[in-house]
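Visitor: Spelled out, the chains give:
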Amino acid sequence: MMQQHPVAVRFSQAAAEVADGKFDSFLDGFSDEATWVVPGRNPLAGTYHGKDGILDFFTETAKRTGDGFHPQPIEALADDDHAVLFLRVTGRRSGADLDVKIAHFATVDGSGHLERNWFLPDDLKAWDAFLA
Amino acid sequence: MTDMTKIEEGLKLVNEGKLTEFGSFLADDVVWHVGGNHRLSGTYHGRTAVVDYLVKSRDLTDGSLRLQPVDILASDDHAAIFLQATGQRDGRQMDAFLAEAVTFAADGRWAEYWAISDQQDALDEFWN
Numbered sequence: 058m059m060q061q062h063p064v065a066v067r068f069s070q071a072a073a074e075v076a077d078g079k080f081d082s083f084l085d086g087f088s089d090e091a092t093w094v095v096p097g098r099n100p101l102a103g104t105y106h107g108k109d110g111i112l113d114f115f116t117e118t119a120k121r122t123g124d125g126f127h128p129q130p131i132e133a134l135a136d137d138d139h140a141v142l143f144l145r146v147t148g149r150r151s152g153a154d155l156d157v158k159i160a161h162f163a164t165v166d167g168s169g170h171l172e173r174n175w176f177l178p179d180d181l182k183a184w185d186a187f188l189a
Numbered sequence: 002m003t004d005m006t007k008i009e010e011g012l013k014l015v016n017e018g019k020l021t022e023f024g025s026f027l028a029d030d031v032v033w034h035v036g037g038n039h040r041l042s043g044t045y046h047g048r049t050a051v052v053d054y055l056v057k058s059r060d061l062t063d064g065s066l067r068l069q070p071v072d073i074l075a076s077d078d079h080a081a082i083f084l085q086a087t088g089q090r091d092g093r094q095m096d097a098f099l100a101e102a103v104t105f106a107a108d109g110r111w112a113e114y115w116a117i118s119d120q121q122d123a124l125d126e127f128w129n
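Protein chains in written order, with the working numbering: chain A, 58 to 189; chain B, 2 to 129.
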């Protein structure tokens, strides 16, 4: 079996850390200059800057949904420059349960940290409804 | 392991406008997600709908749309293609960094596809 690139291993771990609420270790995987672009037409869509910005996104999500996201990594691929994580994300809130497969893309900086982050769920309408 | 040259071959066919030939890369029931908030955004179901979408993209850009791969990551099940997309439309220029993701069917054909940029506003402006 081919050995996974360390960034791919880290990327998969990051999803597990979000699921476990371990945001300090989750954010360690990101560059200080990281950007996090949230897709769709919902109140949380837009670009978040830096680790604080990324944390703000998850904090706001938890506030809106009560319970936030439950990401489950499917597969991560990476080299020294780019990475992708395929993951399933579920969430529950009154009237808008979420169950989507997401492709999360990232660029990797010279230190192996995720820098530019952007993603797309396979059901954008369900995503927007969940974050409305 | 997915053959990366096969992915490059698919991009080459798209760049050359050989879209029906590219369609042979796609599963019959392929699901194709185009991100953003523009006229082509949305989810396309099935090979015919995806080829129609590609034809529309080509025609809207008078055949100028080009996808230049920067990096390709692939396993047996998935791939990601980071690329530079360029094109012209009605006097507008596109030069955007774009990422595409693919889930492969058991026979290696493309079963599901995602495309989005982290500079999506510029792409939306180009297409709208």
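Worth flagging that the hints you see were computed from the coordinates, not collected in a lab.
Hints should not be assumed to be uniformly reliable.
[Said to hold, decoys possible] Computed far set for chain A versus chain B, every beta-carbon distance over 10 angstroms:
#1 76
#2 104
#3 139
#4 143
[What the hints assert, rightly or not] Beyond 12 angstroms from chain A on every Cβ pair, some chain B residues (computed):
#5 25
#6 66
#7 121
[What the hints assert, rightly or not] Short, incomplete list of chain B residues facing chain A, as computed with Cβ under 8 angstroms:
#8 30
#9 69
#10 70
#11 72
#12 76
#13 79
#14 102
#15 106
#16 113
#17 117
Everything numeric in this text was worked out from a predicted model, so none of it was measured.
All residues carry an ideal CB built from backbone N, CA and C; glycine is no exception.
Visitor: For each hint, tell me whether it holds in the structure or not.
Guide: For each hint, the structure was consulted:
1. 76: 20 angstroms, holds
2. 104: Contrary to the label, residue 104 of chain A does not stay out of reach of chain B, its closest Cβ about 8 angstroms off (not over 10 angstroms).
3. 139: The assertion about residue 139 of chain A is violated, with a minimum of 5 angstroms to chain B.
4. 143: 6 angstroms, violated
5. 25: Since the minimum Cβ distance to chain A is about 23 angstroms, residue 25 of chain B lies beyond 12 angstroms and the statement holds.
6. 66: Check passes; 20 angstroms lies beyond 12 angstroms.
7. 121: Residue 121 of chain B is in fact no farther than 12 angstroms from some Cβ atom of chain A, at 7 angstroms.
8. 30: With Cβ-Cβ at 14 angstroms, over 8 angstroms, it is violated.
9. 69: 15 angstroms, violated
10. 70: Hint on residue 70 of chain B: violated, closest Cβ of chain A at ~11 angstroms, above 8 angstroms.
11. 72: 5 angstroms, holds
12. 76: 6 angstroms, holds
13. 79: Hint holds; residue 79 of chain B Cβ to chain A Cβ min 5 angstroms, cut 8 angstroms.
14. 102: Result: holds, 4 angstroms to nearest chain A Cβ.
15. 106: 15 angstroms, violated
16. 113: 7 angstroms, holds
17. 117: Holds. Min distance 4 angstroms.
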